[in-house]
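The whole structure should be built from the sequences, with the hints applied where relevant.
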Amino acid sequence: PGHVAEIYLVHLHASVYALFHRLYGMYPCNFVSFLRSHYSMKENLGTFEEVVKPMMEHVRIHPELVTGSKDHELDPRR
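With positions in the sequence shown counted from 1, the corresponding number in the numbering used here is that position plus 566.
Think of the hints as simulated: they come from the structure by calculation, not from any bench.
Heads up, a few of these hints could be off.
Lysine to any residue pairs mimicking SDA-like chemistry, simulated, CA-CA at most 25 angstroms apart [what the hints assert, rightly or not]:
#1 Lys636 - Tyr590
#2 Lys636 - Leu585
#3 Lys608 - Glu572
#4 Lys636 - Phe586
#5 Lys636 - Val576
#6 Lys636 - Phe600
Dropping the structure here:
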């Protein structure tokens, strides 16, 4: 978009996906909770559809989403 060179957009996309994957892998319950609260707002739906949803289609459901909790993820003893 705008005056950004295509090569920079490729690197930006790769970096955003790497961050998404890292956060989902380390803190799936908290990350999904954040995504749910942020992207449930009407004004953020377009960004969700264009950016977040395609990334979510490329990850498996994390087992912690079923067996874990947000509090357990942040417990230093885990």
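Taking the hints in turn, this is what the structure says about them:
1. Lys636 - Tyr590: 12 angstroms, holds
2. Lys636 - Leu585: 19 angstroms, holds
3. Lys608 - Glu572: Since the Cα atoms of Lys608 and Glu572 sit roughly 29 angstroms apart, the hinted pair is violated (cutoff 25 angstroms).
4. Lys636 - Phe586: 17 angstroms, holds
5. Lys636 - Val576: Roughly 32 angstroms between the alpha carbons, so the hint for Lys636 and Val576 is violated.
6. Lys636 - Phe600: 11 angstroms, holds
Comparing the model with each numbered hint stated earlier shows that hints 3 and 5 do not hold.
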